[in-house]
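4 protein chains.
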Amino acid sequence: MGSFKGHALPGSFFLIGGLWWTGKYSFWCATRRNKCLGSTRLASRASQRRLEVIESSLMLFFSVVGMLAEQFAAGGPRLRLYDTSENQWKDLMNWQHATMYLFFSLAGAISLIVHATEAAPLALDRLALALAFFIEGFLFVYHLHGRNMLDVHVHQMLLYGVFGQALVVFLEVFHRGNITLELLRSALCLLQGSWFWQIGYVLYPPRGGEWDLTDHNNIMFVTMCFCWHLAANMLIVGTLYCAISSAVRSRLKRTPPVEMGLLKHRDGELESDDEAV
Amino acid sequence: MGSFKGHALPGSFFLIGGLWWTGKYSFWCATRRNKCLGSTRLASRASQRRLEVIESSLMLFFSVVGMLAEQFAAGGPRLRLYDTSENQWKDLMNWQHATMYLFFSLAGAISLIVHATEAAPLALDRLALALAFFIEGFLFVYHLHGRNMLDVHVHQMLLYGVFGQALVVFLEVFHRGNITLELLRSALCLLQGSWFWQIGYVLYPPRGGEWDLTDHNNIMFVTMCFCWHLAANMLIVGTLYCAISSAVRSRLKRTPPVEMGLLKHRDGELESDDEAV
Amino acid sequence: MGSFKGHALPGSFFLIGGLWWTGKYSFWCATRRNKCLGSTRLASRASQRRLEVIESSLMLFFSVVGMLAEQFAAGGPRLRLYDTSENQWKDLMNWQHATMYLFFSLAGAISLIVHATEAAPLALDRLALALAFFIEGFLFVYHLHGRNMLDVHVHQMLLYGVFGQALVVFLEVFHRGNITLELLRSALCLLQGSWFWQIGYVLYPPRGGEWDLTDHNNIMFVTMCFCWHLAANMLIVGTLYCAISSAVRSRLKRTPPVEMGLLKHRDGELESDDEAV
Amino acid sequence: MGSFKGHALPGSFFLIGGLWWTGKYSFWCATRRNKCLGSTRLASRASQRRLEVIESSLMLFFSVVGMLAEQFAAGGPRLRLYDTSENQWKDLMNWQHATMYLFFSLAGAISLIVHATEAAPLALDRLALALAFFIEGFLFVYHLHGRNMLDVHVHQMLLYGVFGQALVVFLEVFHRGNITLELLRSALCLLQGSWFWQIGYVLYPPRGGEWDLTDHNNIMFVTMCFCWHLAANMLIVGTLYCAISSAVRSRLKRTPPVEMGLLKHRDGELESDDEAV
Numbered sequence: 011m012g013s014f015k016g017h018a019l020p021g022s023f024f025l026i027g028g029l030w031w032t033g034k035y036s037f038w039c040a041t042r043r044n045k046c047l048g049s050t051r052l053a054s055r056a057s058q059r060r061l062e063v064i065e066s067s068l069m070l071f072f073s074v075v076g077m078l079a080e081q082f083a084a085g086g087p088r089l090r091l092y093d094t095s096e097n098q099w100k101d102l103m104n105w106q107h108a109t110m111y112l113f114f115s116l117a118g119a120i121s122l123i124v125h126a127t128e129a130a131p132l133a134l135d136r137l138a139l140a141l142a143f144f145i146e147g148f149l150f151v152y153h154l155h156g157r158n159m160l161d162v163h164v165h166q167m168l169l170y171g172v173f174g175q176a177l178v179v180f181l182e183v184f185h186r187g188n189i190t191l192e193l194l195r196s197a198l199c200l201l202q203g204s205w206f207w208q209i210g211y212v213l214y215p216p217r218g219g220e221w222d223l224t225d226h227n228n229i230m231f232v233t234m235c236f237c238w239h240l241a242a243n244m245l246i247v248g249t250l251y252c253a254i255s256s257a258v259r260s261r262l263k264r265t266p267p268v269e270m271g272l273l274k275h276r277d278g279e280l281e282s283d284d285e286a287v
Numbered sequence: 011m012g013s014f015k016g017h018a019l020p021g022s023f024f025l026i027g028g029l030w031w032t033g034k035y036s037f038w039c040a041t042r043r044n045k046c047l048g049s050t051r052l053a054s055r056a057s058q059r060r061l062e063v064i065e066s067s068l069m070l071f072f073s074v075v076g077m078l079a080e081q082f083a084a085g086g087p088r089l090r091l092y093d094t095s096e097n098q099w100k101d102l103m104n105w106q107h108a109t110m111y112l113f114f115s116l117a118g119a120i121s122l123i124v125h126a127t128e129a130a131p132l133a134l135d136r137l138a139l140a141l142a143f144f145i146e147g148f149l150f151v152y153h154l155h156g157r158n159m160l161d162v163h164v165h166q167m168l169l170y171g172v173f174g175q176a177l178v179v180f181l182e183v184f185h186r187g188n189i190t191l192e193l194l195r196s197a198l199c200l201l202q203g204s205w206f207w208q209i210g211y212v213l214y215p216p217r218g219g220e221w222d223l224t225d226h227n228n229i230m231f232v233t234m235c236f237c238w239h240l241a242a243n244m245l246i247v248g249t250l251y252c253a254i255s256s257a258v259r260s261r262l263k264r265t266p267p268v269e270m271g272l273l274k275h276r277d278g279e280l281e282s283d284d285e286a287v
Numbered sequence: 011m012g013s014f015k016g017h018a019l020p021g022s023f024f025l026i027g028g029l030w031w032t033g034k035y036s037f038w039c040a041t042r043r044n045k046c047l048g049s050t051r052l053a054s055r056a057s058q059r060r061l062e063v064i065e066s067s068l069m070l071f072f073s074v075v076g077m078l079a080e081q082f083a084a085g086g087p088r089l090r091l092y093d094t095s096e097n098q099w100k101d102l103m104n105w106q107h108a109t110m111y112l113f114f115s116l117a118g119a120i121s122l123i124v125h126a127t128e129a130a131p132l133a134l135d136r137l138a139l140a141l142a143f144f145i146e147g148f149l150f151v152y153h154l155h156g157r158n159m160l161d162v163h164v165h166q167m168l169l170y171g172v173f174g175q176a177l178v179v180f181l182e183v184f185h186r187g188n189i190t191l192e193l194l195r196s197a198l199c200l201l202q203g204s205w206f207w208q209i210g211y212v213l214y215p216p217r218g219g220e221w222d223l224t225d226h227n228n229i230m231f232v233t234m235c236f237c238w239h240l241a242a243n244m245l246i247v248g249t250l251y252c253a254i255s256s257a258v259r260s261r262l263k264r265t266p267p268v269e270m271g272l273l274k275h276r277d278g279e280l281e282s283d284d285e286a287v
Numbered sequence: 011m012g013s014f015k016g017h018a019l020p021g022s023f024f025l026i027g028g029l030w031w032t033g034k035y036s037f038w039c040a041t042r043r044n045k046c047l048g049s050t051r052l053a054s055r056a057s058q059r060r061l062e063v064i065e066s067s068l069m070l071f072f073s074v075v076g077m078l079a080e081q082f083a084a085g086g087p088r089l090r091l092y093d094t095s096e097n098q099w100k101d102l103m104n105w106q107h108a109t110m111y112l113f114f115s116l117a118g119a120i121s122l123i124v125h126a127t128e129a130a131p132l133a134l135d136r137l138a139l140a141l142a143f144f145i146e147g148f149l150f151v152y153h154l155h156g157r158n159m160l161d162v163h164v165h166q167m168l169l170y171g172v173f174g175q176a177l178v179v180f181l182e183v184f185h186r187g188n189i190t191l192e193l194l195r196s197a198l199c200l201l202q203g204s205w206f207w208q209i210g211y212v213l214y215p216p217r218g219g220e221w222d223l224t225d226h227n228n229i230m231f232v233t234m235c236f237c238w239h240l241a242a243n244m245l246i247v248g249t250l251y252c253a254i255s256s257a258v259r260s261r262l263k264r265t266p267p268v269e270m271g272l273l274k275h276r277d278g279e280l281e282s283d284d285e286a287v
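Just so you know, the sequences run in chain order A, B, C and D. The first sequence lines up with residues 11 to 287 when you count with my numbering. The second sequence lines up with residues 11 to 287 when you count with my numbering. The third sequence lines up with residues 11 to 287 when you count with my numbering. The fourth sequence lines up with residues 11 to 287 when you count with my numbering.
The shape of chain A in the complex, shown without the other chains:
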């Protein structure tokens, strides 16, 4: 990944994922809070499930693409792990990134099985996702050997985000459907995305003008900058949440429900999905 693009690409994925989660959970929370207005017209249980299946498939697809790109793109190891001619491991960095993608693809696959077939208990999708984030952080910890002080520091900041997210998703195993945790997860995902971009700008400034990687003032600035990213992402999540909530409510009020009898029944189903842990 040692390039600007190598950081911007995963950053963009996390940014899109964070925005998607913010939207999804805000919308579901708004429909849950407005049941009296017949909100299940907007999000029936079947449509929720379809959404989850699509999300899982996309996650699986892009993770597999990421794995293949790390292996077969120019300079990749092409599935060879050990270079017997030089007696050393081949492209360990690429293998490590491929391993990270592997766990996200596992999380996608498990989530797909959980939501498409009902064979597995619901909470497994969160557990797999928590493990994926944990392994991402775990590999980053041993990724930083022998680098410059500032290089290590920007990645350490990233680790706070990654492990924080792993913890939040793990808590969701026990507190599924808790909107507070879901919004926090979205904000941390956005934070990860925007911080990947920031790392790119700090380590490989696209417009030239290198940073002094050993100046302690830079470390203090970077720490503070990480907090600003968090604040900005919290603002984005908050704004989106409020916008979606009021949009849902105004639309529901404009078109009053007619078929109340049918909706009541769907409501029950809707809830059972959230609480069955």
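Hints in this document: simulated from the structure, not taken from any laboratory. Take these hints with a grain of salt, some might be off.
[Said to hold, decoys possible] Result set (SDA-like, lysine to any residue): computed pairs, CA atoms no more than 25 angstroms apart in a straight line:
hint, chain 1, residue 1, chain 2, residue 2
1, D, Lys100, C, Asp222
2, C, Lys100, B, Met230
3, A, Lys100, D, Asn227
4, B, Lys45, B, Ala257
Fit chains B, C and D to the supplied structure of chain A, relying on the hints for placement.
Same frame as chain A, now just chains B, C and D:
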């Protein structure tokens, strides 16, 4: 902040905040425990909400004032971040303190939205407050580079209080309305306040007579002194709690309720606020 | 405390406390599990409460005695904190031990108020106890500066027990009346007691024959020995639990209850005490 | 244990244990989810209990055998702890391994008592198991002094698995019967088993060809390899779970239940075992 006043000021804010929380939660707990005496006359749901709105507004107001003071007071950076003439960051300390205030103002704003509009889920105010304390501690961790042993140590003691408080508030996301956690939070807030004063006295003794910043005995004394602060603050919280409880009970017993039918109804509302997480 | 007796004394207190807790909680658990046999004859709610009051009073009494002993026994600081003639702190060790006793006396006092007056919420007694254990460990952490390797190591082992116990008691704030946690707490308290004795034997062997404080094999042995203490204390707790359970059951079966109507009522009260958190 | 066999043996035990747990919990979960099809024919409460008793007995038996083997096999200490002729501890490594087995035998014994006699509260078996894993990790931490970098690293990876498992089992004290945690525990147990084999291959390659124990690339590879083990074990657990689920469902559908009245009753019993914590 490198001055006595720079530590006494935030200390005073935390002391006032801690006393306020002790009073508020003791009062609400006393009214909850004495429902049979018709205590909702003293704290109806509407009055509780008004109180929360006022508290959030004050928090928001003082945090914004703090941010402005850090930026525009004598020697502040006046919103300039990088000094191009000297090629270095400008007044990073002030920027860091402003960042801390920023998260408290965010917490105030979110709490204001939660309690004034009902648009957002209740638990968000605790989450935002937990994040504010966490970020305060997080910035302090990277604040201590290259200082003297005792200087680092007194700030480490502070960190125990700050991170402990962040943890307690985060637990309140899941256990809202748990009086044990609320009193612990109040005591830790008082601890933070009184410890800021203590730091001022140790590092910038107002009556002269410098401390030896490298003597290990001083470190042992300071550790112990931190425990005494905690004990004293627990005593203060305990005394206030008992005083308020007995005051509420004696006042309720003097004036028996008449309109029982109405009160029953309000009771239900009162509880729903505490338990809806 | 730098002597064999100085470690044996607190060790004995913790041993007695651990045995007491094992007995108390085993007995209560046995009465709860045998309600159908009318076990409330053996442990009514009033008698439980009386027991708690006595326990708290004893805890308060001995902690105050401990504080006074640390201050006024031969070589104590007699409440003077700073020796102005030598410009240094006076007997910091004694002051630290007195501080530890202070928090246990606070825990005793709070527990006394909780159980004697009903003014305070039940969970506060556990919170105060958790804080007492936490502060004990906290002070020990900064107690070990500049000692020998083995000396530091035996105290580190102690810290595992102390912080483990603080954590378990803190969990009891949320899971009050969980017999698993209560037995774990008893075992850890016994562990602390027996380990204090072991520390005495290692650092101040009463029969002479000093240990080599820098030999790494000794450290490995001591680590293992700590595990044996834990195993032995788990066996003691287990044996006591089984003995008390079967004693209660056999006694209840010998004397069948007659006044069933009355007992039913008391049962309800009994439970409410355990679950009201 | 300093040999290939010494790592392969415990590894095999953990592998068998992990597979067993995966099968057991998958089967029970499948019967729970298919109650409407009369699944209690396959797993009545009595048969569940019998299974637990057998499992505990085997665990106790093999742990005791392990202890005896460590003591009396060739080169063992034969219960002598201190070699007075050489003034040093005798075979501390063997004693440490025997201590680990001791705690697993304790866990087995407690589990046996819990499931065979009903005298003890259910959650105790999980607590004892959590302690066994914790002590295993605890002794490993102090097991690694003065070894090579790679040797320390492969054992550190093991520690993640061991402490992770201790944490998961401790969580089960509070969330008994949570299939997500049970499957995670099974996967971590398999991970431990396969990683023991991997350690054997890395440190004592059976086909010769030593690894360079100080090369940093090897450390990076080993970290990644640990993640692959986890992924592979998650796949194994997942496949087994799906296979068992569909086998249970297809068999239940082939033979429809006849004696519905009786089964209803057994159902109630079945559940009470899982939820009584």
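Hint numbers not upheld by this structure, sorted from lowest to highest:
none
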